[in-house]
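A.B. asks: Produce the complete structure using the sequences and hints provided.
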Amino acid sequence: MHELKLKYQGKKMAPAFNAFHTFLFTPNETTHGGTHVKAADDLKRTMNTVIMALVPVLIFSMFNAGYQHFAAIDAANGTPRSLSLFENFLTWDNFWIGIIKVLPLVIVSYGVGLIVEFIFAVIKGHEVEEGYLVTGMLVPLIVPVDTPLWMLAVAVVFGVVIGKEVFGGTGMNILNPALTIRAFLFFAYPTWMSGDKVWVHGAVERAGGPDAISGETILGSLAQNADISYSVSDMFFGFIPGSVGETSTLLILIGGLFLVFSKIASWRIMLSAIIGSLVMGFIFNQVVEFGWITETSKFYGLMSFDFWKHLIVGGLAFGIVYMATDPVTGSQTNRGKWIYGFFIGFISVMIRVFNPAYPEGVFLAILLMNVFAPTIDHYVVKANINRRMKRFKNAVVLPKDTDGKAEELKVETV
Amino acid sequence: MGLLSKKDANLIKDPLADNNPITIQVLGICSALAITAELKASVVMAIAVMFVLGLGNVVISAMRNIIPSKIRIIVQLIVVATLVIVVDQVLKAFAYPLSKTLSVFVGLIITNCIIMGRFEAFALGNGLWRSFLDGIGNSLGYGIILVIVGFFRELLGSGTLFGYPVFGDPIEKTGLYSFGYENNGFMIIPPAALIVVGIIIWVQRSRNPALVEEN
Chain A
18 MHELKLKYQG KKMAPAFNAF HTFLFTPNET THGGTHVKAA DDLKRTMNTV IMALVPVLIF
78 SMFNAGYQHF AAIDAANGTP RSLSLFENFL TWDNFWIGII KVLPLVIVSY GVGLIVEFIF
138 AVIKGHEVEE GYLVTGMLVP LIVPVDTPLW MLAVAVVFGV VIGKEVFGGT GMNILNPALT
198 IRAFLFFAYP TWMSGDKVWV HGAVERAGGP DAISGETILG SLAQNADISY SVSDMFFGFI
258 PGSVGETSTL LILIGGLFLV FSKIASWRIM LSAIIGSLVM GFIFNQVVEF GWITETSKFY
318 GLMSFDFWKH LIVGGLAFGI VYMATDPVTG SQTNRGKWIY GFFIGFISVM IRVFNPAYPE
378 GVFLAILLMN VFAPTIDHYV VKANINRRMK RFKNAVVLPK DTDGKAEELK VETV
Chain B
777 MGLLSKKDAN LIKDPLADNN PITIQVLGIC SALAITAELK ASVVMAIAVM FVLGLGNVVI
837 SAMRNIIPSK IRIIVQLIVV ATLVIVVDQV LKAFAYPLSK TLSVFVGLII TNCIIMGRFE
897 AFALGNGLWR SFLDGIGNSL GYGIILVIVG FFRELLGSGT LFGYPVFGDP IEKTGLYSFG
957 YENNGFMIIP PAALIVVGII IWVQRSRNPA LVEEN
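In the order they appear, the protein sequences are chains A and B. FYI, in the working numbering the residues of the first sequence are 18 to 431. FYI, in the working numbering the residues of the second sequence are 777 to 991.
FYI, nobody ran anything at the bench for these hints, they're computed from the structure. Any given hint could turn out to be false.
Each pair of labels, with its calculated beta carbon distance range [what the hints assert, rightly or not]:
1. B:876 / A:309: 37 to 43 Å
2. B:802 / A:309: 46 to 52 Å
3. B:879 / A:191: 28 to 34 Å
4. B:944 / A:207: 17 to 23 Å
5. B:853 / A:410: 49 to 55 Å
6. B:944 / A:303: 52 to 58 Å
7. A:165 / B:857: 47 to 53 Å
For every residue, glycine included, the Cβ atom is placed at its ideal position computed from N, Cα and C.
C.D. replies: Have a look at this one:
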């Protein structure tokens, strides 16, 4: 690899070989510019940490894909099964469904995304950037399990090119590329992205037939004012239908804590987003409490849903932990992070409740706040400048006493 | 060119590429976003604008020495409005379904910046023939982008061109659809047009770096 890299030094394909080289080895170059920062956490390390935080979620999702598949078949046959972790969840049958359904999603996402990155690196003559490492892992986790692979490939090309490369690549993007991909899929192929058929493997093929199975998500059922048959612990541990990796709040929580303690992700954004969603959920609960809407209202199901349960169903937890905290597209200032996070939670729950067509508003909320993040930062910085200017103006500079009294220059600040 | 002098030929050629009203001057975006979901509508819109702009340029050019400059905008508006009403009525009489598709956007040709822009920038200062060529050139430049955008949006969004199925029948699952292909719903909605226009601009500027603005 070392020889190959040297051989291609300065040639057109050099970035591609460099990328493979640094992927496998420590770079053998030093920086030549004026600044030298020596730290262990380069971009690649950061990315790998996030991927490590995602691995438990991925493995769980592979089991869950199989479990939901068989559970839905059982339910359709009139023999609802009760969950038992070791007997019918952590089984090879379940894992096998995960391997044949989830793994291809991961492979396609990485394969296509990295090809696009390589092409751009070669055209522009810069190093291949590591930004796609995390995106490629997030994408398969936020799509329904039966997403056709070619759709995923088209969406990945779109997301990487339009969401990231046109802005100048990793670190320059305004929108989170993984969410751009999700949004593209959602608007391009809505039949594959929502409804009660896509969340469980096999449901689409069996639709209409005698062995039809259904896998409505909890939010979907709530939007139709239907009863939900999952317990709170099912929701928390993630034995529910949903996008591939979003279901297990417990593992997301563990991943989130890992990210916070490794200082990769901002705890401010996570915390404020949780607060934001709780506040909005609580407002809706109060609306129901006061009887402002009746049970016949189409919002009743979602509005009466306990406010803290919003966090453990759907993609809210996943979005808050892995998407909202993206350091590139989020706010940079500490105060900005609080505002940014708060509105992500707030708007997510609002979209969930008010727009039955989008039972999952998290990705839209995060994309919206991505757009506003620079504005928030701008005003936070400006407010800080104004505050200091005010302090400076109000400062009274007492004249030095020239009569020999050794009085110090006094500066009063307000 | 035998028919046109080199200078006159440039009036037609420039707006097609290096001085395109949509991709370079970024005018007339509104209609480009709104009506390009179908190729047919794009073509009709392009022809309508060509008619209005070509003829309007001639009319304004003919009157350019007698229009008091204080009220020239009003005069221009009257000319545009008259021509647009003619187009609208013709469409309503002979192509009613299409007129329904284009809906308000035929009327909004009046506010298309390209038209007022060419009146102001060119027709008020040039002779009849040159103004006519300029009008045709600019509306061709506008039309060509509309047709390109309409082509991609209709092909990818509905799988048809001019209403004829290209990829097979999406309901019967014939042709490409039997392999699991599906129409891209994203291309139907107006934001897709913005992205397609953006890609055209991107391609154009990377082919001709002279067009890239300094900043």
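A.B. asks: Taking the earlier hints as the rules, which of them does this structure contradict?
C.D. replies: When the structure is compared with the hints, none of them turns out to be violated.
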